[in-house]
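Asks: Each chain is listed here by its residues.
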Amino acid sequence: MRLYANNDKCSGCRACLVACSLNLFRETNPKKAALRILAHFPEPGTFEVKVCTQCGDCAEACPTGAIKLNDRGVHYVEAAECNLCEACVPVCPEGVMFVRTALADTAWKCDLCGDCVSACGTDALWVAEERTAAA
Amino acid sequence: MSAPTGAELRLIGSLKTYVGGRESVTVEAGQTVRQALAALGIRPEIIALVIANGTQQPKDYVLKDGDSVELLAVIGGGSPSQAVNRAGVQQ
Amino acid sequence: MNGYGGTILRVNLTEGRITRERTPDAVARDFLGGRGFGVHFLFQEVPKGADPLGPENTLIISSGPFAGMLIPGGGKCDFTCKSPLTGGYASASLGGLFTAEIKYAGLDSIILEGSSPRPVLLFIDGDKAELRDASSLWGKGTITVERALKEEFGEEFQIASIGPGGENLVSFASINHDWGRQAGRGGVGAVMGAKRLKAIAIHGTRSVPVADVEAYRAAGLALFKACKDAPGLKPWQSYGTTIVTSWCDEVGALPTRNFRAGSFEGAAGLYGPVMREKIVITDKGCFSCPSPCGKYSRMRRFGTYVEGPEYETIGLIGSNLGISDIEVVAQANLLCDELGIDTISTGNAIGWAIECFERGILTLADTDGLELRFGDSQVVFTLIEKIARREGLGRLLAEGVKRASAKVGQGSDRFAIHVKGMEQSAYATHSATAMLLSYMTCDVGAHHNRAWAITYDLQVGRDRVVPEKVARVIWLQNFRPMFDVLGACRLQWVELDIDRELYVPALEAITGVPRTWKDLETVGERIWNLTRLFWARENDGFGREWDLPPPRFYEDPPATGPTAGQITSLDDVQRLLDMYYEQRGWTPDGLPTPQTLSRLGLTEVA
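Protein chains in written order, with the numbering used here: chain A, 645 to 779; chain B, 7 to 97; chain C, -15 to 590.
These are calculated hints, taken from the structure and not from any lab test.
From the three backbone atoms N, C-alpha and C, an ideal C-beta is built for every residue, glycine too.
Wrong hints could be hidden among the right ones.
Partner residues aside, some chain A positions facing chain C, computed with beta carbon under 8 Å [as the list claims (entries may be wrong)]:
| id | residue |
| --- | --- |
| 1 | Ser655 |
| 2 | Gly656 |
| 3 | Ala659 |
| 4 | Ala663 |
| 5 | Leu666 |
| 6 | Arg670 |
| 7 | Glu671 |
| 8 | Lys675 |
| 9 | Gly689 |
| 10 | Ala746 |
| 11 | Ala763 |
| 12 | Thr766 |
Now the stretches of chain C that chain B is said to cover, found in silico as 3 or more residues with beta-carbon under 8 Å [claimed, not checked]:
| id | segment |
| --- | --- |
| 13 | 209 to 219 |
| 14 | 228 to 234 |
Within a straight-line C-alpha distance of at most 27 Å, the following computed BS3-like cross-link-like pairs (lysine-lysine) qualify [as the list claims (entries may be wrong)]:
| id | chain 1 | residue 1 | chain 2 | residue 2 |
| --- | --- | --- | --- | --- |
| 15 | A | Lys675 | C | Lys112 |
| 16 | A | Lys653 | A | Lys694 |
| 17 | C | Lys262 | C | Lys218 |
| 18 | A | Lys694 | C | Lys134 |
| 19 | C | Lys218 | B | Lys65 |
| 20 | A | Lys712 | A | Lys694 |
| 21 | C | Lys209 | A | Lys675 |
| 22 | A | Lys653 | C | Lys209 |
| 23 | A | Lys653 | C | Lys134 |
| 24 | C | Lys209 | B | Lys22 |
| 25 | A | Lys675 | A | Lys694 |
| 26 | C | Lys262 | B | Lys65 |
| 27 | A | Lys653 | C | Lys212 |
| 28 | C | Lys134 | C | Lys112 |
| 29 | A | Lys694 | C | Lys218 |
| 30 | C | Lys209 | C | Lys502 |
| 31 | A | Lys653 | A | Lys675 |
| 32 | C | Lys212 | A | Lys694 |
| 33 | B | Lys22 | B | Lys70 |
| 34 | B | Lys22 | C | Lys212 |
| 35 | A | Lys675 | A | Lys712 |
| 36 | C | Lys218 | B | Lys22 |
| 37 | C | Lys32 | C | Lys391 |
| 38 | C | Lys262 | A | Lys653 |
| 39 | C | Lys218 | B | Lys70 |
| 40 | A | Lys675 | C | Lys212 |
Working from the sequences, and respecting the hints, build out all of it.
Replies: Laid out in structure tokens, this is it:
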């Protein structure tokens, strides 16, 4: 299972970011969200959504084992075990591993809660089974 | 030769109240949208958009067999059925 | 402070000094935010008789408790000041992402007072706030400036800027943000230009505190679900406000050739679905909006892009100027945005100028040899440029149609389409008495967004002059602007028809204060009376005369279209005002009575 995004449907509203920070931190703060919205303006005038694909590269790179797999098969950060070394940040192919020590004393990432999907009015986000190369 | 199928009018939102809550109603082809609305008791002024088979059409568009037509009401703050209730109520 | 940034930032541009004050609890309790904060600080800060373009005028920028939150449409920011266009109350509403960033920077309002000796930029990054030299930006367009500042400071910064229009003190200059959103009306951009404040760059990383996070999250998600389940969502997402273009044309509400008529023979080229097919590339939304009305467009003929046009621009620059090509309207929209002038007032003023030329009131000598005709895109592009730069005929038009027609005389005031000096927006009201009353009594001048009553007119009989219509307009005026007070967009309720009761638990969970819609409408009524008092304070002899509509709507029935031959009589206009004043608890000349002020707790102000 993983999150999917359709850039063509994204309207740049950022509601997903607020829903995400509320889930991860119980705070209203889009800068503490685990997905990214890129705005390409004034041209070509499109939005791009970067989401966690549950690839696991971050878990492999983490020297303390702080990025674990939960019983839903989702990688998440165990905050107590994160030492803020930032090894996970550059290895994420989507740029959605976050360390901002001014905002939190742990790295954070998507835990596939699905609230972003609930807050997206244009159906630009959805959760589905991982598609294999053959699918 | 098959029997005429009529045109399907899909009513969005509060327009359903005019047809007993149904999502859509089939009407005879050969009449205009305006005439079909009148027969249903829907005043044409409250319809914002008529989209027949994916293309916007005026209310004088003549319905054909097999047409699928979406009708969207102008809302702008209170559905038509609510508008009259709110009238005259000093809030 | 639950739901709030907590701090008021006071920027004295004369002295170059920035101070902070704690957001007063009583102000938050009584005025909530947004427009409410705006009117509170307007009375507190601006002395009677202040020159709108002088240092004594204050521009108050306010966010609200719903802004920046998980609330659909939580993306609205209010700009309040004394208007250089009307000499009365100005309040313009800006969408995009600016209001959210105000909250994340720990602020609720930014108060801009005084006037800087040289061009400056207000730079806010968390607890840091400073004025920086902006002379290298002066003269540049708003989109150009936004691009430059985002490159310099980073994508997380939100930018609001004026263009040459604001710098040149055009009476209807706008403030631009997020590539194509504006605080458009009433000349708020000119006030910023008079203060020589070229742009505001703001960034913050705070979280917004709330009273009950679980209840707020549940209430917010319930609102999003209601929006997503709304049957009208998909059409609204596809067309935005252009959903009404064809309808307005059909019912005679589409302004045509300086409001001479309400339908336009070339309108089919401007309809929503045609526009979508020809130029729209992206649906663009404001902060936290599930129903993006913004239509980002690409104009292949010009090699340009614009956010828009939306219905108002289509009405005032399209049909009102006899233009039937949506790509031309889009390009004109872009010019207005980059130059920083309000498309509504601009289109209205150009329409007046063309009619003046047709009647020989303006001549080739006045227009530097340009023949002013309806349906001529070069006239439109040329005059937009001249207005923004106050060159040639632009010097006259930049004053707004009220002052321009007073200067020119020769009966041109009979077809200057404004109320209180603000150019009327895109609903022709020859025969639509509730909408006419709405324009007559709107608190900033002839703007449509307080009481959008045109559909109500069509539902209950467009020419009827009855107390129910007046009650409807008053209710809408007390209620709809409360969204502006809360820092949220009203269009989710207006266009998706969601149950407004869903907002109530959200507001309580965020602020910790329980409020019903009745409570909020009382605040709305209080604000409405306060802004009326502001007009009265600033304009000697303010009263009924100021509420009269453009003479065209009681003198000049359309020759063509669905409202051909229809007009509202001046007698009916006066009857509408009689009923309105009575229902509002105002004197027969349109001023709040002592009893009304007492009932609303406003006796100190008068």
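Asks: Each of the hints needs a verdict: does it hold here or not?
Replies: How the hints compare with the structure:
no.: 1; hint: Ser655; result: holds, 4 Å
no.: 2; hint: Gly656; result: holds, 6 Å
no.: 3; hint: Ala659; result: holds, 4 Å
no.: 4; hint: Ala663; result: holds, 6 Å
no.: 5; hint: Leu666; result: holds, 5 Å
no.: 6; hint: Arg670; result: holds, 5 Å
no.: 7; hint: Glu671; result: holds, 4 Å
no.: 8; hint: Lys675; result: holds, 5 Å
no.: 9; hint: Gly689; result: holds, 5 Å
no.: 10; hint: Ala746; result: holds, 7 Å
no.: 11; hint: Ala763; result: holds, 5 Å
no.: 12; hint: Thr766; result: holds, 6 Å
no.: 13; hint: 209 to 219; result: holds (count 4)
no.: 14; hint: 228 to 234; result: holds (count 4)
no.: 15; hint: A:Lys675 to C:Lys112; result: holds, 18 Å
no.: 16; hint: A:Lys653 to A:Lys694; result: holds, 13 Å
no.: 17; hint: C:Lys262 to C:Lys218; result: holds, 19 Å
no.: 18; hint: A:Lys694 to C:Lys134; result: holds, 20 Å
no.: 19; hint: C:Lys218 to B:Lys65; result: holds, 21 Å
no.: 20; hint: A:Lys712 to A:Lys694; result: holds, 21 Å
no.: 21; hint: C:Lys209 to A:Lys675; result: holds, 24 Å
no.: 22; hint: A:Lys653 to C:Lys209; result: holds, 18 Å
no.: 23; hint: A:Lys653 to C:Lys134; result: holds, 24 Å
no.: 24; hint: C:Lys209 to B:Lys22; result: holds, 21 Å
no.: 25; hint: A:Lys675 to A:Lys694; result: holds, 14 Å
no.: 26; hint: C:Lys262 to B:Lys65; result: holds, 23 Å
no.: 27; hint: A:Lys653 to C:Lys212; result: holds, 14 Å
no.: 28; hint: C:Lys134 to C:Lys112; result: holds, 18 Å
no.: 29; hint: A:Lys694 to C:Lys218; result: holds, 24 Å
no.: 30; hint: C:Lys209 to C:Lys502; result: holds, 24 Å
no.: 31; hint: A:Lys653 to A:Lys675; result: holds, 22 Å
no.: 32; hint: C:Lys212 to A:Lys694; result: holds, 23 Å
no.: 33; hint: B:Lys22 to B:Lys70; result: holds, 22 Å
no.: 34; hint: B:Lys22 to C:Lys212; result: holds, 18 Å
no.: 35; hint: A:Lys675 to A:Lys712; result: holds, 23 Å
no.: 36; hint: C:Lys218 to B:Lys22; result: holds, 17 Å
no.: 37; hint: C:Lys32 to C:Lys391; result: holds, 26 Å
no.: 38; hint: C:Lys262 to A:Lys653; result: holds, 18 Å
no.: 39; hint: C:Lys218 to B:Lys70; result: holds, 25 Å
no.: 40; hint: A:Lys675 to C:Lys212; result: holds, 25 Å
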